[in-house]
Structures are given as structure tokens and as C-alpha cells.
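Asker: The primary structure of each chain is shown beneath.
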Amino acid sequence: MSAVERTQSRQEGPAESRGVRDRAAASRARLGLEEHVSRLAVVLVKALKVFAVLFLLLPLVVAAHQAFLPTVAFEVVPENGFTLRWFAVLGHPEFVNAVWISLVIAVVATIISLVCGTLAALALARSSFRGREFINMIFLSPVMIPPVVKGLSFVLYFGIIGLRPGFTSLLLAHIVITLPYVIRVVYPCFYGLDRSLEEASRNLGASDFQTFWKITFPLIRPGIFAGAIFSFIMSVDDVGVSIFLITPDTTNVSVLLLTWASSVADNTLAAVSLTLVVVTLIASTVAERWVGFDSILGGMRR
Amino acid sequence: MRNRSWLTRFAYSVMLLPALLITVVLFLFSLAPTFAFSVYKFVPPASMQPAFVLDNYAAFTHPVYFGYIVTTARIGVISTLVAVVLAYPMAYTIARSASARMRRVLLFSVMVMFFVHTIVRAYAWVAVLGRTGPLSSLLELLGIGPLRLLSNEFAVTVGTIHWLLPFAVMTLIGPIQTVDPALEDAARNLGATELKTFTSVTLPLTFPGVAAASLLSLTLGFGMFVTPMILGGGLVTMLAKFIYDETIFANNYPVGAAGTITLLVLATAVSVVVSRFFEARTKVL
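Residue numbers (the numbering used here), protein chains in the order written: chain U, 1 to 302; chain Z, 1 to 285.
Fair warning: there could be bad hints in the mix.
Facing chain U, a subset of chain Z residues (Cβ under 10 Å, in silico) [to be verified]:
no. : residue
1   : Thr8
2   : Ser13
3   : Leu17
4   : Phe29
5   : Pro89
6   : Met90
7   : Tyr92
8   : Val110
9   : His117
10  : Thr118
11  : Pro166
12  : Lys241
13  : Ile261
14  : Leu263
Since the hints were made in silico from the structure, they are not lab data. Note that beta-carbon positions come from the ideal geometry of N, C-alpha and C, so glycine has one too.
Chain U extracted, bound-state conformation (with noise of 0.2 Å):
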């Protein structure tokens, strides 16, 4: 029975005194008020959720569809028709390297970050010391620290240290930007381990590295590939970090793209963008049924 309602039923009873009367006709006012606040609070929230949902999505889609006109969108007389040039860029030797370069350094900086993040929580998440707490803030605190600061950081100390700029020192920096996002999505999974399972094999006359490699590996394997993914997502996405420390012959895909984005006025921009949308949503849905979203979710929070 809703609010509304039961005032009505109310409404029906006994013979009452002109205050008690009053004060019910006021009520009954406030909780109709209350009442119609609160639908309204009801469809506009629902709108906002439609809203939110077409504001994350349709940019994409007049991206996409911009990549097919012949002209730019900040031209005055726009033509209409429909053209397959601007995917020329595709075969271009400049964007193939960057792509190149982009790919290489992910991939490494995600084994490296890989391997030192799971044995770090593997270790944080066994030990009961007292500054772990600490420690772990340490591991994490290269994501609060905006990726230009870093960026400029970088490239300030290694050139202290002799290291110029070039593909080792984007390497490293990658694994930096990397390694927090590993330890965050594969420390929790060690959390969530029925540690009874390891003690049954022990138990059972397993060495410790048999435990390890038998139940404890494929215990947390899914996130170890979620941590995977998203140090491969956060190595391809950094701008601010690479810009710092590229040079001529290790400009990665990033740089190129934002190169292009301010001062090429074409649409290459946009088919690149189609392009790179569409690899992401194959890879994306080959995620989704390899490993969930659920397992990656648990990176992202805090």
C-alpha cells in the first residue's frame, strides 16, 4: 500500500476533531507533495541514466561516422559523400612504426610489471608486518600523481643519471605507470584464496612450489589477466608520461595521434579513432567472455 493510499484510507475513518482533522488534511498534503517530489525525483534520475548512457556512446558514433565524409568537421560548407580515403593512413610507415613501438613497450612493460606485481602481493598479502599498510601505499602511489608531473619528473632524473631519452627510458617509465595497476587488481585475489586448499596440498607432501604452481596459480589466473589487461590499457593510453621521452625514431602511437589531432585538419584523426574502436571493442568483447568484467572491476576500486 502506497503513502497516498493509506492517507486516503484514513481519509474514510470516524468522525474526527477539527484539529486532529486539520493536522491530517496538512499531513496528507505534505505526503501527497512528498509523494509527487519524489516520481518526479524518480524520472528525472531515469533520464539522467539515458543521458549518461548516450553522452559515453554517441561521440563515439559521430567519430565514426565522421571518418567517412569528405570534409572536416570544423569546415563552414560541408559536403556530403562518402569516402574511404583518410584509412590511407593505415599503411602509412610513420603510423605502422608508432603503432609498433606502442605495442612492443606495452607488451614488455606488462611480463615485467606483471611478475614483479604478483610476487609483491603475493608477499603483501602473506605477510603480517607492521609498515604493510605503508608499503602498499608506496606501490600505489605513482597512479595519484597527475602523468605530466611524472612525465616531466622522468625526464629531469634520468637525465641526472645519464639516461637519455630514447626507447629504455620509456620502457622504464612504463613499467612504473604500469605496476600500481597490476599490485591493485591482483592483491584483493590473494585476499579471496581459500587458503585451506594450500595446506591440503602441503598436506599432502607437495613442495612449496608445487602448492604454488598447481593450486595457487590457477586460483588467481583471472586476475593476473585482468591485471594484464589493464597494465596493457594504461601503457597504450599514456600521453602524458611518453611525451617527455620520445624521440624522433620511438615516437609511440599516443604521440603521433596527438600530434596529428592539433595540427593535421583532416579526418584522418577519425578513421584512425574508427579503426582503433573497432580492434578495442574485438578485443574488449574477447575480454568480456575471457576473463569477465568483474574480475577487471575489482581493479578500479579504491
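Given the structure of chain U, go ahead and fit chain Z onto it with the hints provided.
Answerer: Chain Z only, in chain U's frame:
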């Protein structure tokens, strides 16, 4: 047994070591020169001299430079507010909706954003807000004259909200999931309206989540670099872009370093204020 525990402790230290070395030696140490250079003296055109001067910080009292700080704070705060408000209903539906399809559609539209490159996401707004873009055409159809929607703070704020929204949704899902639905049902059964149930049960219980989402959004929002660069068209300067321009183009590393420290202090200060605000609200309950 004692021997074994000593051994495991040693093993744990060895396991922690690589990650700790990377974080401390590569990252924490790297911040030191930035702090040091921020008080060095800039020698035009492109070098600096060890010193202890506060000129680089004093530069930010100049109206133009101070304006960069204000712009950064304004875009960061407004984007955070809008992103968290938009994120809450989405996160609530993902956490609670009875329809599995609804949950999947919303979760997918949020997750896909993480897979789409930041530059692509900013550029998509160039297509939307551009002169021939759909929004311009729609506004002209409504008789609202040709407005310049790109290369201004509005465009940068919209792009920033778009970038922050998925992070805010992801941060809110967990805290909303932990609220016991029975509490909300109890409020409803006692005659509370949906709005009342939300404002006096659900929202207060998810306050820590709202705080976490706001803090994350603020930290990310203050550091925005790509979005202002693409959507600001060189007319909107946030601190991150200022730092980049000063160092890479003007070779003025001391002022760039001072800008960096200013950005860190600004982000930390706002975070402290926000977490105090939420802590005070949580304690009352």
C-alpha cells in the same frame, strides 16, 4: 619451525624487492630533482643555475599564471561534480538492476570507454562540437545562432566529464553493492517515498563510495592534459599543459617544476578538503 618462519620472512622480502626497487628508485627518487629545480634560478634562454629562489613560485601571483590555476581548479571541480552525479544512477543500476541485460548494457558501455584511447575520446568531441557537428546543427535548428562550441572551457569541461565518468562509475559500483537491500525495503515499507529512501538510507550508506569517486575524479581531473590540448584549441590552459609548454617549448625547467609542485599541492589541498567534508558527514550518521 622458527627457522622456517625466518625463511619465509626472507622469501617475502625477496619477493617484495623488485617492485619496491622500481617504485622507490625509479619513481619516488625521480620526484626529487623536480622539487630541487623548482627553486633554481632560470638563466635565459635555456639553462638554470643552482640557487634557492622563490621567483618560480612568485610567477604564479601574476594574473595570467594565476588564471591557469583557477582554470585548472574550476574545470576539475565542475567536471567532478557532474561526473559523480551522472555516475551514481549508472552505478546503482549496474549494482542493483533486476534485469541482467540492463546491467550488461550499462557495464559494457562503461568498460568500452577504458579500451578506447584517451585521444580518440577527446577527438570524438571535436566531431560532436565542431561547426558541422550534430550539436551545432541541432542548436541552429532551434534558432540558437551559430555558437562556438569548440576551443573554449565548455568543450574542455565536457571532454573531461566524458573522461572521468567511467572511473566514477567503477568506483561507485562496489560501495553500492555492499548496501543491504533489506534496509531500503524497510524504509519503503515504513512509508518512505523513493526519494526519501534514497536521501536517508542509500546515499548516506554509500557516502564513502561517493567520497572515493570524487577524490579519484579530482585527482585525475586536475592532471588533465590531452583533453584540454585537443578541445581547448590552445585557448584553454590547464596547469598540465602549462608545464609541458614551459619545459618542452620554452626550456624554462624551473618554472615548469614550480608549476608541477603547484599542481601537486592544489590536487592534495582539494582532496584533503573533500575528504574532510565527507568524513564529517559520515561521522554524524
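Asker: Identify whether the interface hint at Leu263/Z stands, where standing means a beta carbon of chain U within less than 10 Å of its own.
Answerer: Holds - the Cβ of Leu263/Z comes within 10 Å of chain U, reaching about 6 Å at its closest.
Asker: Under 10 Å is the threshold here; is the Cβ of Ile261/Z close enough to any Cβ of chain U for the hint to stand?
Answerer: holds, 9 Å
Asker: Using the nearest Cβ pair, does Lys241/Z come within less than 10 Å of chain U?
Answerer: holds, 8 Å
Asker: Restraint: Ser13/Z near chain U, CB-CB cut 10 Å. Satisfied or not?
Answerer: holds, 8 Å
Asker: Is the interface hint satisfied for Val110/Z? The criterion is a beta-carbon contact with chain U at less than 10 Å.
Answerer: holds, 7 Å
Asker: Given Pro89/Z was flagged as interface, is its beta-carbon under 10 Å from a beta-carbon of chain U?
Answerer: Where the cut-off is 10 Å and the nearest Cβ of chain U is about 4 Å from Pro89/Z, the hint holds.
Asker: Against chain U, run the beta carbon of Pro166/Z and see if the smallest gap drops under 10 Å.
Answerer: holds, 7 Å
Asker: Please check whether Thr8/Z passes as an interface residue: C-beta within 10 Å of a C-beta belonging to chain U.
Answerer: holds, 8 Å
Asker: Would the hint on Phe29/Z be counted as holding, given a Cβ-Cβ threshold of 10 Å to chain U?
Answerer: holds, 7 Å
Asker: The hint names Leu17/Z as touching chain U; please verify it with the least Cβ-Cβ distance against 10 Å.
Answerer: Cβ of Leu17/Z sits 9 Å from chain U, so the hint holds.
Asker: Identify whether the interface hint at His117/Z stands, where standing means a beta carbon of chain U within less than 10 Å of its own.
Answerer: At about 6 Å, which falls below the 10 Å cut-off, the nearest Cβ of chain U leaves the hint on His117/Z intact, so it holds.
Asker: Hint Tyr92/Z vs chain U: min CB-CB distance below 10 Å?
Answerer: holds, 9 Å
Hint compliance for this structure: no hint is broken.
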